[in-house]
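Visitor: Going line by line, the protein sequences match chains R and L. Under numbering that gives the first Met the number 0, the residue at position 30 of the first sequence is numbered 29, and the numbers go up by one with no gaps. Under numbering that gives the first Met the number 0, the residue at position 300 of the second sequence is numbered 299, and the numbers go up by one with no gaps.
Be aware that a few hints might be false.
[To be verified] Straight-line C-alpha distance at most 20 Å; calculated DMTMM-like pairs for lysine to aspartate or glutamate: (1) 14/R to 155/L; (2) 58/L to 45/L; (3) 338/L to 130/L; (4) 16/R to 299/L; (5) 27/L to 155/L; (6) 61/L to 123/L; (7) 57/L to 32/L; (8) 325/L to 66/R; (9) 27/L to 345/L; (10) 200/L to 103/R; (11) 61/L to 24/L; (12) 27/L to 351/L; (13) 338/L to 156/L; (14) 47/L to 66/R; (15) 200/L to 254/L; (16) 16/R to 32/L; (17) 27/L to 60/L; (18) 180/R to 170/R; (19) 348/L to 337/L; (20) 61/L to 351/L; (21) 91/R to 66/R; (22) 54/L to 34/L; (23) 348/L to 123/L; (24) 47/L to 103/R; (25) 338/L to 172/L; (26) 91/R to 300/L; (27) 14/R to 316/L; (28) 57/L to 34/L; (29) 325/L to 3/R; (30) 200/L to 231/L; (31) 14/R to 34/L; (32) 16/R to 311/L; (33) 47/L to 34/L; (34) 200/L to 155/L; (35) 200/L to 172/L; (36) 27/L to 316/L; (37) 27/L to 45/L; (38) 325/L to 5/R; (39) 14/R to 346/L.
Derived from the structure by calculation, the hints contain no laboratory data.
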Amino acid sequence: MEIDVEQIMQEIRDKLKDKDDWTNLPSFESVPIPAPQAAPVPADSSPACPSPDGYAQEVDAMNRTWELVYAWPLSTNPIRRVFQRLIKRILKFLLIQLMWQQNEFNSHTVRAMNGTKGRIDDLTGESDRAMGSINTLTEKAAELERTTTELSDRFYEETFTVEALEAQLGEIVQGISGLEKRIRELENQLQNGK
Amino acid sequence: MRVVQIVPNLSRGDAVGNNCCAIDDILKRAGYDAEIYSLVPVQSPELKEFARPLKTLKKLEKNDILLYHMATAIQHNITRYGGRRVFQYHNITPPEFFQAYDTPTAAACRAGINEMQSLRNAPEACWADSEFNKNDLIEAGYRCPIRTIPILIPFEDYEKPADRRIIETYRDDFVNFLFVGRVAPNKAHEDVIRAFAWYQKNINSRSRLFLVGNTSLTSYCGRLREYIRVLDIQNVIIPGHIRFSEILAYYRAADVFLSMSRHEGFCVPLLEAMFFGIPIVARNTTAIPYTLGNAGLLLEDNNPAIAALAVDRVIQDRTFRETLIKRQNARLADFSHEKVKRMILEELKSFE
């Protein structure tokens, strides 16, 4: 089936005419560029269980620093530079292997940490939603309790009314019984009189 | 015939590296004597068998082909190796995008562009990933024949199993937006977030945004996180460095692919979205219209409301969505492994 994309885009633009608040979103330019982060905090000074924000920052730092590269700045002094190059070359056969193993480990670790962070974010979202549902249910429960109390009060009032009506009914029934008794007596008298 | 590929840095998961290995594979299968040389020593053991260090490359014979993958500055005189030089140009991001966030990257981009311009007379032929890249080369003064040959993508990798937990968590009644690509300023993640914010606030609060990609540029990433907080939106997921199976899972959980990128040389994730049958809404910039062809819905600017309403239209209008996906499938066929392989082999045959 053929579609007219231009017509669809025109329809979209027309839809916007009815909405005058579309520019209300804050601009990205209003958000400053964060200052470079300090070096990661040494493990022994980190809290045992960082706050969610602290944990996210640690994971961000891991994403930034996990990959090691076999390169470092050499001295500007030509003689030192020659020695440094020589040492770098001599150690390369050993270090590059170690570095690869370390990178492999770091890569798995940072992926696992990202996975954990994702799961924490999911669970936090679920927990927030659950907390929202709990609050809604708590409000509903309070409302139901109010309604129950009102109904209960009304029930007692109605019970009193019913009891009073029952008492009145009892009197009426008694009155009717008395009348019936009197009618029967009159009927007897009438028959005896014949 | 001998074909030597030179790549700045061969690594898995990177479009240029994957393309280089895929070309090596088809060349070997076609009977060429193929080799890869990497400027930066290859670290990964699985790739070590593919590439040798560039410093070990000896001068080539007159008829040997040197295929140089131009994607950054290598500060290395590749003309000294002789042979018949072919450049595959993957584009270099303009430095202005990085200036405020990462000056070394901005400097590297600047050096790359200077190097690209200075090498304009070096190749006998050029391959460009897209028409956009081709125009870039022409503007830089390249006068040799330039052919557009897309990146060779191993699509069979996308058939691998996706992470079940992610699919199970996110496949629900929420509308899932997806953008895949390195978290970098040229990709304009802030515009994706802004469009998503408009959608969540005005159209559907039951929505999520997945921003999948490398998050090593922390100054930009931090600013995005702060922007998300300022906008007061929920369910924006930035998973960072993750497994390939997890990337596949985010594709499988997505309802729409939204790109607001301002600079792309090709944009492989568009083809990935096509592969997974996800409708694409993308800003009409640089190589994006060339890669999309007439598939996908193109936006003329970064207006968040129009982007959000376009996404809503794609989600709500089933006929429109199916037509888009149908067009995307047809476009994807243009980038099939067989088709690109044929183009590469034809091109190399012309050198014989």
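Visitor: To test your reading of the hints: which numbers does this structure violate?
Guide: 1, 2, 8, 10, 11, 16, 25, 26, 31, 34, 36, 39
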